[in-house]
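J.: Here are the chains, one letter per residue:
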Amino acid sequence: MKMLINVAETVVADALRGMAAAHPELVVDVDNRVIVRRDAPVEGKVGLVSGGGSGHEPLHGGFVGPGMLSAACPGEVFTSPVPDQMLRAAAAVDSGAGVLFIVKNYTGDVLNFDMAAELAEDEGIQVAKVLVNDDVAVTDSLYTAGRRGTGATLFVEKIAGAAADEGQPLERVEAVGRQVNENSRSFGVALSACTTPAKGSPTFDLPPGELELGIGIHGEPGRERRAMMTSGEIAEFAVGAILDDMTPRNPVLVLVNGMGATPLLELYGFNAEVQRVLAQRGVSVAHTLVGNYVTSLDMAGASVTLCQVDQEMLRLWNAPVKTPGLRWGV
Amino acid sequence: MKMLINVAETVVADALRGMAAAHPELVVDVDNRVIVRRDAPVEGKVGLVSGGGSGHEPLHGGFVGPGMLSAACPGEVFTSPVPDQMLRAAAAVDSGAGVLFIVKNYTGDVLNFDMAAELAEDEGIQVAKVLVNDDVAVTDSLYTAGRRGTGATLFVEKIAGAAADEGQPLERVEAVGRQVNENSRSFGVALSACTTPAKGSPTFDLPPGELELGIGIHGEPGRERRAMMTSGEIAEFAVGAILDDMTPRNPVLVLVNGMGATPLLELYGFNAEVQRVLAQRGVSVAHTLVGNYVTSLDMAGASVTLCQVDQEMLRLWNAPVKTPGLRWGV
Amino acid sequence: MLDAEFFRRWMTATSASVDREAERLTALDSPIGDADHGSNLQRGFTAVAAALEKEAPQTPGAVLTLAGRQLISTVGGASGPLYGTLLRRTGKALGDAGEVSADEFAQALRAGVDAVMTLGGAAPGDKTMIDALVPAVDALGDGFTAARAAAEEGALATTPLQARKGRASYLGERSIGHQDPGATSSALLIAGLVEAAGE
Amino acid sequence: MLDAEFFRRWMTATSASVDREAERLTALDSPIGDADHGSNLQRGFTAVAAALEKEAPQTPGAVLTLAGRQLISTVGGASGPLYGTLLRRTGKALGDAGEVSADEFAQALRAGVDAVMTLGGAAPGDKTMIDALVPAVDALGDGFTAARAAAEEGALATTPLQARKGRASYLGERSIGHQDPGATSSALLIAGLVEAAGE
Ligand SMILES: Nc1ncnc2c1ncn2[C@@H]1O[C@H](COP(=O)(O)OP(=O)(O)O)[C@@H](O)[C@H]1O
Ligand SMILES: Nc1ncnc2c1ncn2[C@@H]1O[C@H](COP(=O)(O)OP(=O)(O)O)[C@@H](O)[C@H]1O
Ligand SMILES: [Mg+2]
Ligand SMILES: [Mg+2]
Ligand SMILES: [Mg+2]
Ligand SMILES: [Mg+2]
Chain R
1 MKMLINVAET VVADALRGMA AAHPELVVDV DNRVIVRRDA PVEGKVGLVS
51 GGGSGHEPLH GGFVGPGMLS AACPGEVFTS PVPDQMLRAA AAVDSGAGVL
101 FIVKNYTGDV LNFDMAAELA EDEGIQVAKV LVNDDVAVTD SLYTAGRRGT
151 GATLFVEKIA GAAADEGQPL ERVEAVGRQV NENSRSFGVA LSACTTPAKG
201 SPTFDLPPGE LELGIGIHGE PGRERRAMMT SGEIAEFAVG AILDDMTPRN
251 PVLVLVNGMG ATPLLELYGF NAEVQRVLAQ RGVSVAHTLV GNYVTSLDMA
301 GASVTLCQVD QEMLRLWNAP VKTPGLRWGV
Chain U
1 MKMLINVAET VVADALRGMA AAHPELVVDV DNRVIVRRDA PVEGKVGLVS
51 GGGSGHEPLH GGFVGPGMLS AACPGEVFTS PVPDQMLRAA AAVDSGAGVL
101 FIVKNYTGDV LNFDMAAELA EDEGIQVAKV LVNDDVAVTD SLYTAGRRGT
151 GATLFVEKIA GAAADEGQPL ERVEAVGRQV NENSRSFGVA LSACTTPAKG
201 SPTFDLPPGE LELGIGIHGE PGRERRAMMT SGEIAEFAVG AILDDMTPRN
251 PVLVLVNGMG ATPLLELYGF NAEVQRVLAQ RGVSVAHTLV GNYVTSLDMA
301 GASVTLCQVD QEMLRLWNAP VKTPGLRWGV
Chain C
1 MLDAEFFRRW MTATSASVDR EAERLTALDS PIGDADHGSN LQRGFTAVAA
51 ALEKEAPQTP GAVLTLAGRQ LISTVGGASG PLYGTLLRRT GKALGDAGEV
101 SADEFAQALR AGVDAVMTLG GAAPGDKTMI DALVPAVDAL GDGFTAARAA
151 AEEGALATTP LQARKGRASY LGERSIGHQD PGATSSALLI AGLVEAAGE
Chain W
1 MLDAEFFRRW MTATSASVDR EAERLTALDS PIGDADHGSN LQRGFTAVAA
51 ALEKEAPQTP GAVLTLAGRQ LISTVGGASG PLYGTLLRRT GKALGDAGEV
101 SADEFAQALR AGVDAVMTLG GAAPGDKTMI DALVPAVDAL GDGFTAARAA
151 AEEGALATTP LQARKGRASY LGERSIGHQD PGATSSALLI AGLVEAAGE
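Going down the list, the protein sequences come from chains R, U, C and W. With this note's numbering applied, the first sequence corresponds to residues 1 to 330, in that order. With this note's numbering applied, the second sequence corresponds to residues 1 to 330, in that order. With this note's numbering applied, the third sequence corresponds to residues 1 to 199, in that order. With this note's numbering applied, the fourth sequence corresponds to residues 1 to 199, in that order.
By construction, these hints were calculated from the structure, which means they are not laboratory data. Bear in mind that the values here come from a model prediction, so they are computed numbers and not experimental data. Beta carbons are placed, not taken as given, at the ideal position from N, Cα and C, and that holds for glycine. One thing to keep in mind: the hints can contain errors.
Claimed, not checked - So the derived label-pair ranges between C-beta atoms look like this:
hint : chain 1 : residue 1 : chain 2 : residue 2 : range
1    : C       : D19       : R       : R249      : 47 to 55 Å
2    : C       : D114      : U       : G124      : 26 to 34 Å
3    : C       : T159      : U       : D245      : 26 to 34 Å
4    : R       : T247      : U       : E118      : 27 to 35 Å
5    : R       : R249      : U       : E123      : 30 to 38 Å
6    : C       : G125      : U       : D31       : 36 to 44 Å
7    : R       : V330      : W       : D114      : 50 to 58 Å
8    : R       : T247      : U       : R38       : 43 to 51 Å
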């Protein structure tokens, strides 16, 4: 597989240099791999820190800015960052009001963020944590590492970010983040595997005429392989899997998310089918976002995330946000 | 090639339905294939209409909204729209102040927009036209159809859109659009071909270990095929080709544009190299945009566009814009 | 003499051959174009056939102007305005006669081809549809079968040429060695005359 | 008795074998993981070797705690904290003695493995590094060579298991039939003891 890179070893550092050049409103520490909003720490406001393996851009670095994350820690491609990064980020954004870690539920992210939380508390920083685990493709049981964190991360970061921006205290920001996660569910499909720079070949073989149902965002295969389906059938399967797990009473935010290599033209077409299925199932939609937000390098495919919102969550969703990846109202 | 579609025949209509659902601030006429901002026609302001084949999303439909296009006409994939669409769009956005057609320089787009202009004038709509032809990979001579319109389209639509939004008269908006085009140059490379829904297989064969230099945005091969290059070498080649053709005296806007399937992680890394080369060549940068803006379905690769700006152009660039694909200040 | 029915058969025959050859036309449009020529013309001629069925125009001129307008309104791309203009101008040149002679048709078609050259700016040798259309018009005096042979030969002769118009021109020398899709579809159009005449 | 030099050799040998086997470890991490295990450990052990060179710790315990801290600070992922904890806790259990007996080391390593189980929540049979580490510790009384054989056997025995921890658990039954990358790298780590001892 060809990539637009120099060498695999410098992919993350090169990208951070490129981010620094494109986004003077962010402080990008290339050596220490921390991206911080320039005005951090913001007096009296809770700091929001997230992070994870690289390869999911714009998540997380692209969501740093007023109204969303205070800082992000990018790891190597698909590899959780290390506690040192998170500790540095926490120290950079803590104004005394405490720091919320937003952690996608993967063993690596959980362990590293936990270690960082211990270290941060040793340094007198108050830390709370929201675990994102929205992927209904994974059975949450004693026999798995639990559900993965995927598309809902965007909703948690945006809505908790708005709460922090309003000056809500750490417990409230944490509670809002948890509430968003609890009301969110995702399901993803892959039409192709992705290729990590380190490996240089696709993470799995997917023959023409087949697709993977229930994939995550790390190039891992899904739960099931099937003969290729139409966009309408995929929408029925994905929305069906979500609604088997959650029955929204309130309107939902919809994220129709591209995995990286699926053209926007197709994502919009897929959205038409997702909306059709939602309408048929009686789910009312408050707002829809279509695009590449939580990606998996050059994987072709898409995921659907539904986030059930009450008035307050919707108000926070609509609040101004100014980041490279998500921006409105400012 | 697998696609997230129903059938090839409905790809554009499906995408328009999906756009309609995601963007209630736009009026999407699926049957007639016209996307219009909901508040059109805006009293006393020039209407901006663009369009072209589908498959370049977010261009053009994603750039409809306050501060940018008034309407867009999506054709079939990689096929210029028909005059009926442009006429309908012109009628929908003309407030009496006239309409500017922004046309990428392809035989099909030019011929169809010209026919539409005639028809519109017959209906009493004043029409002016800006032709975008920024691609330095094509020699502009008697022996070609002239330079292609690519990345500069975004700058023309944004900056002329801001001028229209301020209520500048048609001749001024047209002049601004021309000025942007004249000060813009692009160069693109492909690491893979793309696959149109109608054909279902890649538009050309590109062996592993080779890349195409000087591609356009319609899956056509470039001017030259070479052994794979690093991101730094590609940046030198692309920026070099542009600077061979234009010597910016003023600062430039930089667009590091993904062709569709290249991950944002790689695009940022490529931007780092583009910025390095620009600095070495003494070109100063006013603002940089990195992402998938003028795409070619699922092609892997990137293009660089430089747009030299004076104070006034920069002011218009920074003016508020509220579209699905580009948004700030509002 | 050629009546409206003949021109309707011409369009139907062309619609059928374009359907049959659509994949090949799109394939020819891949290495030196954007892989849409077959589906473009398929969409257009399907609309032409439907419109002729529905509106049932009664003169040769009316059949061709309606067909041309349909192509302009449904094809898009470069070929839509060009083929649309070809048929519309040919139809206009035929006026409102109920029947036309083979000679009158040949003259009208030449007017149509001239209009395409004016609109698109292409000359013979530029590797476009013109390279099939001009030889066909030149041979039309010797009958439809001769015109078909000339168009097919003209299409084949585009292979060694370097394109100077249309998308293929972006490729410079790399356009050499590929047959032009538009010249190929023009040969289909002219072949439709033979079918319509039942020759 | 085992001195600081022995533990330094252990780490260097492991760094070399991880380098050699990095591609294979990443390949094992592809069908049931995210294709990074080899490069993760390569990055980590390269940092370990560099830090040991630079800081030259003088006791067995200091060598291993430094190595563990380096892994935590440079690897990331699941394996960083887990292997980091393994070495750090083993090192801590060794205290600040200048030399330790094979028995003392075996006990300390068991403490390290227990800490990994507590941190990660995995038990034997969950298809993780634990499946190589536990048999190795159990066999350590019979010498390094026996421990290496036990670890390798444990790694191979993960193939038919269904994963219950880590990324592979997301695959459910589809995780069956693949050898666990972490168990495989644990076998390399244990094999490093044999090399360090010059056996
Ligand atoms: N300027 C021109 N004059 C005459 N024919 C042209 C011209 N430009 C393109 N063509 C013809 O149009 C054909 C391509 O048609 P089509 O693929 O439908 O449109 P597009 O190039 O817009 O995708 C070419 O093969 C060529 O024969
Ligand atoms: N909870 C756990 N307990 C013990 N070992 C684990 C656990 N989770 C994962 N592992 C081990 O870690 C290995 C994967 O490491 P690595 O690929 O470096 O991290 P990641 O899974 O974060 O990409 C697995 O093969 C497994 O042996
Ligand atoms: Mg990983
Ligand atoms: Mg076309
Ligand atoms: Mg074409
Ligand atoms: Mg892994």
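J.: Using the beta carbons of T159/C and D245/U, state whether their distance is inside 26 to 34 Å or not.
T.: 32 Å, holds
J.: Please test the hint of 43 to 51 Å on the beta carbon pair from T247/R and R38/U.
T.: 33 Å, violated
J.: Against the range 26 to 34 Å, how does the distance between the Cβ atoms of D114/C and G124/U compare: consistent or not?
T.: 31 Å, holds
J.: So does R249/R sit 30 to 38 Å from E123/U, Cβ to Cβ?
T.: 51 Å, violated
J.: Could you say whether the range 50 to 58 Å given as a hint is met by the Cβ separation of V330/R and D114/W?
T.: 52 Å, holds
J.: Okay, D19/C versus R249/R on CB: inside 47 to 55 Å?
T.: 52 Å, holds
J.: Could you tell me whether the CB distance from T247/R to E118/U stays inside 27 to 35 Å?
T.: Given about 57 Å between the Cβ atoms, the range is violated.
J.: Taking 36 to 44 Å as the hint, is the beta-carbon distance of G125/C and D31/U inside that range?
T.: 42 Å, holds
Checked against the numbered hints given earlier, this structure breaks hints 4, 5, 8; the rest are met.
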